[in-house]
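A.B. asks: The primary structure of each chain is shown beneath.
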Amino acid sequence: DTAVSQTPKYLVTQMGNDKSIKCEQNLGHDTMYWYKQDSKKFLKIMFSYNNKELIINETVPNRFSPKSPDKAHLNLHINSLELGDSAVYFCASSQVAGGNYEQYFGPGTRLTVT
Amino acid sequence: SQQGEEDPQALSIQEGENATMNCSYKTSINNLQWYRQNSGRGLVHLILIRSNEREKHSGRLRVTLDTSKKSSSLLITASRAADTASYFCATDKGSSNTGKLIFGQGTTLQVKP
Numbered sequence: 001d002t003a004v005s006q007t008p009k010y011l012v013t014q015m016g017n018d019k020s021i022k023c024e025q026n027l028g029h030d031t032m033y034w035y036k037q038d039s040k041k042f043l044k045i046m047f048s049y050n051n052k053e054l055i056i057n058e059t060v061p062n063r064f065s066p067k068s069p070d071k072a073h074l075n076l077h078i079n080s081l082e083l084g085d086s087a088v089y090f091c092a093s094s095q096v097a098g099g100n101y102e103q104y105f106g107p108g109t110r111l112t113v114t
Numbered sequence: 115s116q117q118g119e120e121d122p123q124a125l126s127i128q129e130g131e132n133a134t135m136n137c138s139y140k141t142s143i144n145n146l147q148w149y150r151q152n153s154g155r156g157l158v159h160l161i162l163i164r165s166n167e168r169e170k171h172s173g174r175l176r177v178t179l180d181t182s183k184k185s186s187s188l189l190i191t192a193s194r195a196a197d198t199a200s201y202f203c204a205t206d207k208g209s210s211n212t213g214k215l216i217f218g219q220g221t222t223l224q225v226k227p
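Chains Y and V are the protein sequences, given in the same order. Positions 1 to 114 (the working numbering) are the ones given, in order, by the first sequence. Positions 115 to 227 (the working numbering) are the ones given, in order, by the second sequence.
Since the hints were made in silico from the structure, they are not lab data. This structure is a prediction, so every number in the text was calculated from the model and none was measured. What you were told as hints is all true, and nothing was included just to trick you.
In silico DSBU-like links for lysine-lysine, alpha-carbon gap of 30 Å or less:
(1) 52/Y / 214/V
(2) 184/V / 44/Y
(3) 207/V / 41/Y
(4) 22/Y / 214/V
(5) 52/Y / 9/Y
(6) 214/V / 67/Y
(7) 214/V / 19/Y
(8) 40/Y / 140/V
(9) 183/V / 40/Y
(10) 44/Y / 71/Y
(11) 36/Y / 207/V
(12) 41/Y / 140/V
(13) 41/Y / 19/Y
(14) 184/V / 36/Y
(15) 184/V / 41/Y
(16) 184/V / 40/Y
(17) 9/Y / 40/Y
(18) 36/Y / 140/V
(19) 226/V / 41/Y
(20) 71/Y / 214/V
(21) 44/Y / 140/V
(22) 170/V / 41/Y
(23) 19/Y / 71/Y
(24) 214/V / 44/Y
(25) 214/V / 9/Y
(26) 207/V / 40/Y
(27) 36/Y / 183/V
(28) 40/Y / 214/V
(29) 36/Y / 214/V
(30) 170/V / 184/V
For reference, chain Y alone in the conformation it holds in the complex (with noise of 0.2 Å):
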């Protein structure tokens, strides 16, 4: 069974659109993190909940809006796609909030936008 799993894969879409991105983990883990990785693999931090409560929220665009539902899972919307916006955005999880507990990553979303 897949631990952490994002729909979709990929993602084409153009300027202008919104998209969404879902996430699910059925680790039972409380924590739940976005990723956003660049064409040069850097990856940076964009949201963290934990129990359903935002605890991280990096400078974002707020174009970019979490959703957690429930603490299995974590959805990112993101409004008026830009160029910018392309990039693999993972989901990961762990099983509480703190640095001393690995994390779970998903396969990522590719999202290109044209």
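With chain Y fixed as given, assemble chain V onto it according to the hints.
C.D. replies: For chain V alone, coordinates are given in the frame of chain Y:
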């Protein structure tokens, strides 16, 4: 700003050789983790070392941590073609209660059969 920097950015070795990757960071930490990323896949956790530890082993992996130099190294012994991947260090930047990790830029390792 980026916390970790890894060196080298790319490394190419023959199967059976050892591979050493280095990571430097800027601020104090509580924990440092290493992750592997195969091409087109998500990251996989390899090993975690705490700030009061100096060395840790896991199978063919050996991680060292020198907090006085703010650096860590990952050694893969007897490398295999399957070890070909990008390797990232990640630190918690001293604030370990949120799970926020700052990743280095990664080392791309190619192991030639």
